[in-house]
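Q: Take a look at the letters that make up each chain.
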Amino acid sequence: MERLASQNVGRQPQTLADKVWASHVVHRAEGEPDLLYIDLHLVHEVTSPQAFDGLRLAGRPVRRPDLTVATMDHNTPTIGLDLPLADPVSAKQIETLAANCAEFGVTLYPMGHANQGIVHVIGPEQGLTQPGMTIVCGDSHTSTHGAFGALAFGIGTSEVEHVLATQTLPQGRAANMAVTIDGDLPAGVTAKDVILALIGRIGTGGGVGHVIEYRGSTIRSLSMEGRMTICNMSIEAGARAGMVAPDDKTFAWLEGRPRAPKGADWDAALDHWRGLATDEGAVFDKEVTVDATTLRPHVSWGTNPSQVVAIDDDVPDPDRIADAGQAESARRALTYMGLRAGTPMRDIPVDTVFIGSCTNSRIEDLRAAAAVVDGRHVSAGMRAMVVPGSMRVKADAEAEGLDRIFTAAGFEWRAAGCSMCLGMNPDQLAPQERCASTSNRNFEGRQGRGGRTHLVSPAVAAATAVAGHFATPEDIR
Amino acid sequence: MEPVRTIAGTAVPLRRADVDTDQIIPSEWLKRVERTGFGQGLFAEWRADPDFVLNQPRHRGATVLVTGPNFGTGSSREHAVWALQDYGFSAVVSPSFADIFRTNCTKAGLLPVQVDAGVAEALLAAIEADPAVVVTIDVEARTLLAAAAGVSTTFPLDDFTRWRFLEGLDDIGLSLRNEAEIVAYEAVRPAWMPTAS
Numbered sequence: 070m071e072r073l074a075s076q077n078v079g080r081q082p083q084t085l086a087d088k089v090w091a092s093h094v095v096h097r098a099e100g101e102p103d104l105l106y107i108d109l110h111l112v113h114e115v116t117s118p119q120a121f122d123g124l125r126l127a128g129r130p131v132r133r134p135d136l137t138v139a140t141m142d143h144n145t146p147t148i149g150l151d152l153p154l155a156d157p158v159s160a161k162q163i164e165t166l167a168a169n170c171a172e173f174g175v176t177l178y179p180m181g182h183a184n185q186g187i188v189h190v191i192g193p194e195q196g197l198t199q200p201g202m203t204i205v206c207g208d209s210h211t212s213t214h215g216a217f218g219a220l221a222f223g224i225g226t227s228e229v230e231h232v233l234a235t236q237t238l239p240q241g242r243a244a245n246m247a248v249t250i251d252g253d254l255p256a257g258v259t260a261k262d263v264i265l266a267l268i269g270r271i272g273t274g275g276g277v278g279h280v281i282e283y284r285g286s287t288i289r290s291l292s293m294e295g296r297m298t299i300c301n302m303s304i305e306a307g308a309r310a311g312m313v314a315p316d317d318k319t320f321a322w323l324e325g326r327p328r329a330p331k332g333a334d335w336d337a338a339l340d341h342w343r344g345l346a347t348d349e350g351a352v353f354d355k356e357v358t359v360d361a362t363t364l365r366p367h368v369s370w371g372t373n374p375s376q377v378v379a380i381d382d383d384v385p386d387p388d389r390i391a392d393a394g395q396a397e398s399a400r401r402a403l404t405y406m407g408l409r410a411g412t413p414m415r416d417i418p419v420d421t422v423f424i425g426s427c428t429n430s431r432i433e434d435l436r437a438a439a440a441v442v443d444g445r446h447v448s449a450g451m452r453a454m455v456v457p458g459s460m461r462v463k464a465d466a467e468a469e470g471l472d473r474i475f476t477a478a479g480f481e482w483r484a485a486g487c488s489m490c491l492g493m494n495p496d497q498l499a500p501q502e503r504c505a506s507t508s509n510r511n512f513e514g515r516q517g518r519g520g521r522t523h524l525v526s527p528a529v530a531a532a533t534a535v536a537g538h539f540a541t542p543e544d545i546r
Numbered sequence: 471m472e473p474v475r476t477i478a479g480t481a482v483p484l485r486r487a488d489v490d491t492d493q494i495i496p497s498e499w500l501k502r503v504e505r506t507g508f509g510q511g512l513f514a515e516w517r518a519d520p521d522f523v524l525n526q527p528r529h530r531g532a533t534v535l536v537t538g539p540n541f542g543t544g545s546s547r548e549h550a551v552w553a554l555q556d557y558g559f560s561a562v563v564s565p566s567f568a569d570i571f572r573t574n575c576t577k578a579g580l581l582p583v584q585v586d587a588g589v590a591e592a593l594l595a596a597i598e599a600d601p602a603v604v605v606t607i608d609v610e611a612r613t614l615l616a617a618a619a620g621v622s623t624t625f626p627l628d629d630f631t632r633w634r635f636l637e638g639l640d641d642i643g644l645s646l647r648n649e650a651e652i653v654a655y656e657a658v659r660p661a662w663m664p665t666a667s
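Protein sequence lines correspond, in order, to chains F and B.
Numbering-wise, this note's numbering puts 287 at position 218 of the first sequence, and it's gapless, one number per residue.
Numbering-wise, this note's numbering puts 538 at position 68 of the second sequence, and it's gapless, one number per residue.
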């Protein structure tokens with residue numbers, strides 16, 4: 070826009086994150102955090118009940134129900150949707166969200182609705198997620214929406230209440246971190262492998278205090294789904310948010326979606342969006358570069374997402390880790406995971422494969438997995454399930470026949486939700502059950518008490534289901 | 471939140487790095503719709519081990535948790551903070567905190583005390599050797615003192631957050647003082663931006 074362009078004359082070059090931040094400052098004062106306007110607040114059943122209670126206690130309304138969207142995803146079942154919930158505590162939480170949305174006038178996509186799904190899948194899908202916006206949700210994987218050039222971050226329940234009441238949030242400035250990834254990805258290496266490799270390198274605290282901007286030719290070549298996978302796991306590197314500058318791929322993905330601007334509004338939006346990219350000469354506080362051409366498919370071996378290796382490698386030896394604290398963490402992790410140092414990753418037998426979660430449950434993820442299992446069958450005794458990220462992803466996949474490919478191969482085909490990513494619904498691991506999972510966290514007990522989670526891409530998950538041990542699609546060809 | 475000016479008490483030494491919020495409060499506990507009663511679920515899985523530090527009678531009644539770096543990583547669940555408070559902790563001392571956890575602490579009134587790795591190590595060692603070591607934290611002065619551990623240090627806490635701790639101020643009320651500016655901002659937001667309705 071002309072006005073924006075003229076404002077930029079003589080100004081210091083800015084990053085994408087700085088631009089989005091600056092355009093949302095409602096109030097700025099010396100010695101105080103900036104008060105930022107929030108364009109979209111996504112709400113789910115787990116982190117909102119106490120926030121709505123707080124509003125009731127203070128007699129406050131939801132300031133902008135029109136900028137607030139709720140869905141049920143974390144503890145909803147993925148089978149038997151027409152039956153009462155088996156767990157009365159979960160049922161109460163689901164009912165509480167429905168009652169709160171009705172009382173406060175918030176749009177809700179409840180269980181069984183055609184638009185229901187994982188909150189970070191439905192935002193983009195509905196076109197609610199757009200470049201240059203500020204987006205929050207009481208969920209750390211809100212960073213997903215940064216793939217569109219939005220500043221999107223997870224918040225706690227007190228902040229959920231704050232945004233419901235004021236549509237603003239006080240925020241201390243974040244530093245800027247550039248992660249530049251260049252080069253063509255080798256065959257079989259996906260966005261998931263890129264982000265796992267990065268976290269392996271910078272650690273789970275590597276991004277603390279920073280907004281990461283992912284840049285470079287590899288990021289430009291990735292689909293929007295791939296960019297979402299990468300931004301999604303920014304929080305696993307400790308970052309406050311992850312972002313990708315919007316480009317023609319972003320705009321093409323958004324155009325025509327239900328909540329995307331139309332007609333003259335689309336042109337106005339596009340003008341604004343095209344000015345968001347980081348200016349030439351903008352300075353980052355921290356920079357990391359990754360050579361994509363050297364990457365391999367990755368598998369986690371431990372109990373945090375930085376404990377990863379290439380699938381061709383062995384389980385690492387804690388005695389060879391220099392940092393004493395990290396070595397001790399590795400020892401604890403190997404005990405919990407039931408693994409021995411030096412075991413080739415491909416030799417580890419796997420009990421269960423989970424394809425789903427806000428990291429890898431979009432149509433492209435399901436296509437990648439289906440291509441691997443098409444005409445094959447899961448290994449004897451293997452439990453394998455696919456949980457689409459949303460009811461729309463599920464419908465799209467069924468229209469393409471992906472459900473039939475999966476079920477013919479021995480996978481269970483489920484309804485949408487967070488499911489086994491965090492085991493709040495009945496989809497859980499048993500103690501010591503070993504799972505190749507396309508989700509984002511391999512923390513102790515994350516997928517069920519005593520369960521052993523290995524983070525992988527959809528392609529590796531699918532190949533592993535067929536092989537019965539960690540494998541790439543190449544291995545089973 | 472309640473005003474917090476000084477915290478003085480014994481401490482629990484949790485010698486672990488990268489403690490994630492799934493460990494602090496497992497997801498099973500997140501199904502509840504109340505804000506209280508999470509203390510029972512604090513470190514629920516680790517407490518199944520009778521030797522776990524929280525189960526040791528010598529650390530009973532402690533009000534400060536001292537831990538390794540990157541505490542509170544992972545999920546945004548504020549329930550982790552509520553669980554620590556409900557159990558009886560008023561402050562967590564660590565070389566570093568995950569961002570969302572740290573923010574949740576400052577909203578709910580649990581004091582995050584960031585100290586150098588060497589200070590954390592000195593505190594851990596001293597408390598492991600003698601559970602009676604008293605840690606005194608002064609919010610106004612931004613200092614942590616543990617004479618028996620030979621520790622006297624300052625910690626970072628921005629003026630605004632310190633003021634909120636000292637006065638026990640409601641963040642929403644503070645933001646609503648800027649109502650006129652919020653209204654003015656809303657008046658110039660582009661009409662093409664998405665709405666749910």
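Honestly, the hints are just simulated from the structure, not real lab data.
Among the clues, some could well be false.
Below, computed lysine to aspartate or glutamate pairings styled on EDC-like, alpha-carbon distance capped at 16 Å [what the hints assert, rightly or not]: (1) F:Lys318 to F:Glu294; (2) F:Lys161 to B:Asp640; (3) F:Lys161 to B:Glu504; (4) F:Lys355 to F:Asp122; (5) F:Lys161 to F:Glu99; (6) F:Lys318 to F:Glu467.
Q: Next, verify each hint and record whether it holds.
A: Checked hints:
1. A threshold of 16 Å between alpha carbons decides the hint, and for Lys318 (chain F) with Glu294 (chain F) the separation of about 11 Å falls inside it, so the pair holds.
2. For the suggested pair Lys161 (chain F) and Asp640 (chain B), the alpha carbons sit about 29 Å apart, so the restraint of at most 16 Å is broken.
3. A hinted pair counts as satisfied when its Cα atoms are at most 16 Å apart, and Lys161 (chain F) with Glu504 (chain B) qualifies at roughly 11 Å.
4. Restraint check for Lys355 (chain F) and Asp122 (chain F): the C-alpha separation of about 41 Å exceeds 16 Å, so the hint is violated.
5. Among the hinted pairs, Lys161 (chain F) with Glu99 (chain F) is inconsistent with the structure: their alpha-carbon atoms are about 44 Å apart, more than 16 Å.
6. This hinted pair does not check out: Lys318 (chain F) and Glu467 (chain F) have alpha carbons roughly 25 Å apart, beyond 16 Å.
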